[in-house]
Amino acid sequence: MSLPCGTRNYTYGEDMAIVRTRTHWVLLFAFLIALFLAPLYFNDYWLGVGNLIGITLIAAIGLNILVGYCGQLSIGHAGFIAVGAYTAAILTNRFELPFLVGLISAGLVAGVIGIIFGLPSVRVKGFYLAITTIAAQFIIIWVINHWGITGGFLGIKVPYASIGPIVFRSESSQFYLIFVIAAICIFLAKNLARTKVGRAFIAIRDNDLAAEVMGINLLYYKLLAFFIGCFLAGIAGALLAHWIGFMNAEQFSFTESILYIGMIIIGGLGTSLGPIFGVVFIRVLQQVLTIELVPFLEKTFTALPAGFATGVTPMLFGLVIVLFLILEPRGLAHRWALFKAAYRLWPFSY
Amino acid sequence: MAELLQFTITGISVGMVYALIALGFALIWKSSSVANLALGQIVLVSSWFTYSMLVQAELPLWLAFPLVIVFALFLGWVIERFALRPLIAQPILSLITVTLGIGYFIEGVITFIWPWSVDALPRLFPKEVIHIGQAVVSQEYLWVVVICLVIFVLLTLFFRYHRMGIAMRATADDQLAVQACGIPVTRVFSTSWMFACVVAAIGGILISSISGITHGLVETGLKSFSVVILGGLDSFLGAIVAGPIIGLLESLGGGYLTPFTWAGVKDIIPFVVIIIVMVIKPYGLFGEVRIERI
Chain A
1 MSLPCGTRNY TYGEDMAIVR TRTHWVLLFA FLIALFLAPL YFNDYWLGVG NLIGITLIAA
61 IGLNILVGYC GQLSIGHAGF IAVGAYTAAI LTNRFELPFL VGLISAGLVA GVIGIIFGLP
121 SVRVKGFYLA ITTIAAQFII IWVINHWGIT GGFLGIKVPY ASIGPIVFRS ESSQFYLIFV
181 IAAICIFLAK NLARTKVGRA FIAIRDNDLA AEVMGINLLY YKLLAFFIGC FLAGIAGALL
241 AHWIGFMNAE QFSFTESILY IGMIIIGGLG TSLGPIFGVV FIRVLQQVLT IELVPFLEKT
301 FTALPAGFAT GVTPMLFGLV IVLFLILEPR GLAHRWALFK AAYRLWPFSY
Chain V
1001 MAELLQFTIT GISVGMVYAL IALGFALIWK SSSVANLALG QIVLVSSWFT YSMLVQAELP
1061 LWLAFPLVIV FALFLGWVIE RFALRPLIAQ PILSLITVTL GIGYFIEGVI TFIWPWSVDA
1121 LPRLFPKEVI HIGQAVVSQE YLWVVVICLV IFVLLTLFFR YHRMGIAMRA TADDQLAVQA
1181 CGIPVTRVFS TSWMFACVVA AIGGILISSI SGITHGLVET GLKSFSVVIL GGLDSFLGAI
1241 VAGPIIGLLE SLGGGYLTPF TWAGVKDIIP FVVIIIVMVI KPYGLFGEVR IERI
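Sequence lines, in order, name chains A and V. Mapped onto the numbering used here, the consecutive letters of the first sequence carry residue numbers 1 to 350. Mapped onto the numbering used here, the consecutive letters of the second sequence carry residue numbers 1001 to 1294.
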């Protein structure tokens, strides 16, 4: 159905292939090479935006697995990212462990915390679960703010990421680190959706009772979804910590959690492309809005009220989320699929 | 002993306000099964509007309060009409997220119009303190309790005897049957949103007349979810009983636990309660246990 005209699948391998035709391969490699060379033609500022997008992407992929595939609504994602960030920060700063150890344990700790707060999901769903994860967000942030080892309100410094002798100091070196990990995550997430586990997730999302009757172990798979989602959040948090170099609990506010939900909805829930579209859309919009547009508008129209600069961003994001839910609930990924179909069939759209 | 009494009275009155806000949640949940997560922002924006009317426009009380009520009614109507109506019969995920989006939007509007973010409402209640036994209680707490109780009674009567109240209960019970009976379901929805916003606005005014208008009111709205959860989502009685319980836990816990834990333990007690209730008795004290069929 989504194959180019005249292409047929004759073997099982062809049917399962992610990249199907030679043109796809060429396009993929062209894109990867373009991405690889990005530091050549982007300055540090836009590379920084790219890094933020990459980190956000990893977390959003995790959230998409949890919400989009498994249907377990989590509105505390920023809290789990915070767990990962602080785990990495504490391990590398206070205990001076290597970066990779910090990265992996950040994922594991966040995953375990995710399982703990995901436990109620076995009995409840929908709104109840949403509230539980909101509670998780506030409890996590409170603990971070008051526990001595995290540096509390003062924050904590994080050294640069390093693997062996390589230190990821500049934006461009971190760009490679972040995007290699992001690419691995995208690949794994894409494949996860097609395995037994992914199918079980989708069954649970569509009707968890029916899934249980079919022999899917709800406890195991729901907690697994929480673990995977929060593991990726933890990895993203660790990368964020090393990228910023300084952690403070204010970076993981409740509004950030809402933004994450907004991203995967704008992108398209339960699709592999969705998080990419959503994250790029929101983060680029955020940058353009706060760095370019607002100062420009403030300079041109001097009569703007004082709250314009801080107020316009949440207003616009709230509006975008609401409008997407009403007008295009399947997100940008669906639009992209429509565009591809139209492009393939053009000019004979029937 | 005086300390205990003090904590108890503070706790109960703050809990009453939580219960009031929670009632606004239960109203919407009961009639349309929409979880309104923008409650905190609605509370905050109504408090700011009250501030504008009383302090910036310097209107007298008798004119300002009806205006606030009208504003809350309008807010509820707008939210229902333009954001929730197009999403009828969508999955719960969309319904929850759309309220999050609305909340975010309202937050932006608030920083837009009132950028200084902290202010005090003029005192609405007499300032003199009352001595109960050894405790010194400021009068406003008692006023809050009285006003909350009056609103509870009014709402209960409304749901029991008024046509619209009965229609709302019926809609909660079975939307299809109600539609077949010729009750305009969409009007029931928008009425429940308008009522909920009014109740939340009153709660907001009461709490911000005591402790000022801050961004913390959003968190107050979120905290009142613990009341909803503990009492049971679809139960008014649950909200009224659970509100004071949460308020008491918060104030007693804040009073007596702080030496043993970190500072500010008061602020997360409602959230801890949520987690505990979820694990032990997810449908709350008075909530209806939904039995699902495939």
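Hints are computed from structural coordinates only; laboratory data are not their basis. Be careful, since some hints might not be right.
[Stated by the list, open to error] Here are the computed distance ranges between Cβ atoms for each label pair:
id, chain 1, residue 1, chain 2, residue 2, range
1, A, LYS190, V, ALA1057, 36 to 46 Å
2, A, ILE202, V, LEU1061, 48 to 58 Å
3, A, ARG20, V, VAL1118, 53 to 63 Å
4, A, ARG335, V, ALA1177, 44 to 54 Å
5, A, PHE29, V, ILE1113, 48 to 58 Å
6, V, GLU1058, A, ARG335, 42 to 52 Å
7, V, PHE1125, A, TYR220, 49 to 59 Å
8, V, GLU1003, A, LYS299, 17 to 27 Å
9, V, GLU1058, A, ILE202, 51 to 61 Å
10, A, THR195, V, VAL1118, 22 to 32 Å
11, A, ARG194, V, ALA1120, 55 to 65 Å
12, V, ARG1290, A, ILE202, 17 to 27 Å
13, V, PRO1066, A, THR290, 54 to 64 Å
[Stated by the list, open to error] In silico DSS-like links for lysine-lysine, alpha-carbon gap of 25 Å or less:
id, chain 1, residue 1, chain 2, residue 2
14, V, LYS1266, V, LYS1281
15, V, LYS1030, A, LYS125
16, V, LYS1281, V, LYS1030
17, A, LYS340, A, LYS190
18, A, LYS125, V, LYS1127
19, A, LYS125, A, LYS196
For each residue, glycine too, the CB sits at the ideal point set by N, CA and C.
Verification of the hints:
| no. | hint | in the structure |
| --- | --- | --- |
| 1 | LYS190(A) / ALA1057(V): 36 to 46 Å | violated, 57 Å |
| 2 | ILE202(A) / LEU1061(V): 48 to 58 Å | holds, 57 Å |
| 3 | ARG20(A) / VAL1118(V): 53 to 63 Å | holds, 58 Å |
| 4 | ARG335(A) / ALA1177(V): 44 to 54 Å | violated, 38 Å |
| 5 | PHE29(A) / ILE1113(V): 48 to 58 Å | holds, 52 Å |
| 6 | GLU1058(V) / ARG335(A): 42 to 52 Å | holds, 51 Å |
| 7 | PHE1125(V) / TYR220(A): 49 to 59 Å | holds, 55 Å |
| 8 | GLU1003(V) / LYS299(A): 17 to 27 Å | violated, 56 Å |
| 9 | GLU1058(V) / ILE202(A): 51 to 61 Å | holds, 59 Å |
| 10 | THR195(A) / VAL1118(V): 22 to 32 Å | violated, 52 Å |
| 11 | ARG194(A) / ALA1120(V): 55 to 65 Å | holds, 58 Å |
| 12 | ARG1290(V) / ILE202(A): 17 to 27 Å | holds, 23 Å |
| 13 | PRO1066(V) / THR290(A): 54 to 64 Å | violated, 39 Å |
| 14 | LYS1266(V) / LYS1281(V) | holds, 23 Å |
| 15 | LYS1030(V) / LYS125(A) | holds, 17 Å |
| 16 | LYS1281(V) / LYS1030(V) | holds, 20 Å |
| 17 | LYS340(A) / LYS190(A) | holds, 19 Å |
| 18 | LYS125(A) / LYS1127(V) | violated, 46 Å |
| 19 | LYS125(A) / LYS196(A) | holds, 22 Å |
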